[in-house]
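**Student:** Here are the chains, one letter per residue:
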Amino acid sequence: MKCNIKEIEIIKFAENLIDEYSKNKISAHLETCATCKNFYESYQNLFSELKQISIKEKDNDFYMQMKARILEKIQTRASQDTLLSKIKFILSSFRKKIIFSSSICIIILLIIASYPIFKGKQNVNVISYANLTDSEIDLILLYNGKFIDTMNYFKNNSVDSEFISSGGESLFYTTNEDEEVTLSSEENFYLELLDSKEIIKSL
Amino acid sequence: MKDTKDNLSDSFLISEFLKGDDNAFSSIVDKYQKRVYYLVLRFLKNEEVAQDITQETFIKLYQNLRAFKGKSNLYTYIYRIAINNCKNYYYKETKSNPVFIYSLPQSEMASAYSPFKTLKTKEDILRVSEIIDKLPYKQKTTFMLRIFEDLSFKEIAEVMGFSINSALVNYHIAVKKIIKEWGKIQK
Chain A
1 MKCNIKEIEI IKFAENLIDE YSKNKISAHL ETCATCKNFY ESYQNLFSEL KQISIKEKDN
61 DFYMQMKARI LEKIQTRASQ DTLLSKIKFI LSSFRKKIIF SSSICIIILL IIASYPIFKG
121 KQNVNVISYA NLTDSEIDLI LLYNGKFIDT MNYFKNNSVD SEFISSGGES LFYTTNEDEE
181 VTLSSEENFY LELLDSKEII KSL
Chain B
1001 MKDTKDNLSD SFLISEFLKG DDNAFSSIVD KYQKRVYYLV LRFLKNEEVA QDITQETFIK
1061 LYQNLRAFKG KSNLYTYIYR IAINNCKNYY YKETKSNPVF IYSLPQSEMA SAYSPFKTLK
1121 TKEDILRVSE IIDKLPYKQK TTFMLRIFED LSFKEIAEVM GFSINSALVN YHIAVKKIIK
1181 EWGKIQK
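Just so you know, the protein sequences line up as chains A and B, in that order. So in our numbering the end of the first sequence lands on 203, straight run, no missing numbers. So in our numbering the end of the second sequence lands on 1187, straight run, no missing numbers.
Hints in this document: simulated from the structure, not taken from any laboratory. All clues given are correct.
So the derived label-pair ranges between C-beta atoms look like this:
id : chain 1 : residue 1 : chain 2 : residue 2 : range
1  : B       : 1069      : A       : 83        : 27 to 37 Å
2  : A       : 110       : B       : 1019      : 53 to 63 Å
3  : B       : 1069      : A       : 47        : 31 to 41 Å
4  : B       : 1009      : A       : 86        : 30 to 40 Å
Idealized CB from N, CA, C, for every residue including glycine.
Work out the full structure: start from the sequences and follow the hints.
**Tutor:** What follows is the structure, given as structure tokens:
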């Protein structure tokens, strides 16, 4: 015969969570159904036996110390919170001023950082040089950190001119003669390079 | 004196705390720290972690007690904080090897009518403890709160933050699994 009582109903019965009518019904059922009776008894025994498994006792000192630590930590956190709230109060009082000054600083920093971009200045580095004569210097050049070329820098004092050459070919030169010249971007680069002659001289 | 302190009602202690009396909070710790420590220890089986979580539970209680509206019992509120702390540890931390936290039961607990092999030895207790530990979090917690903390299903529902029916269903599944697993071990 199939049992129509669910196990959860038996737990409710054992836990006294059902009304009188259902209680009588299940009680009568347990008298006749071995499966349900076995489940009910297993549950009762599981409950009563597990309840008796106790944890090793700790002495009063253990709890006194734990309580002392709890109260100490509460005090510490309370003082930290007070400090934090003071900092927050100060920050909130000067909030507008701080935001304004920070914005100004950021704008100034952005202008400084972007200055080379506006000016179109290239980052030319001389990483090595060798004096060949008084007026000729061998250079290894880096442009924006990348190797460009080995070049020669010449200065001709007799005609007061200076130029840079690579592989025997003159790339750019300047003189002191007044003449209007429109420079290409490449020429501008070499002009920059010549400007760095101060570095060459200081080397 | 201690008895008097322990017998002070929770609502009185809370109202004194809200008036600014920190001794009232100290009394709350006195009253509940042992129960919380045992609950956490049974759950995580690590004494050091249980101490830390008990401390953290009361610190959180101190921080949140002003917001406690008294809709539930104070101890279910405390249990809820403790269980949440356990849950965080349960999911986040790598489980350390559990230690044997139980005291051995009295020999007279063995009952002749029991279909169970009675829990007389350390090995028996370890086995049943392992079965409980393998249960999913909700089933394990519901079962432990009912069996070891003697909470009603209404209280369990408050602690766990779900309905009484969910508490009953989780408990029923846990009971069924434990009886089944324990039966296998006995064979």
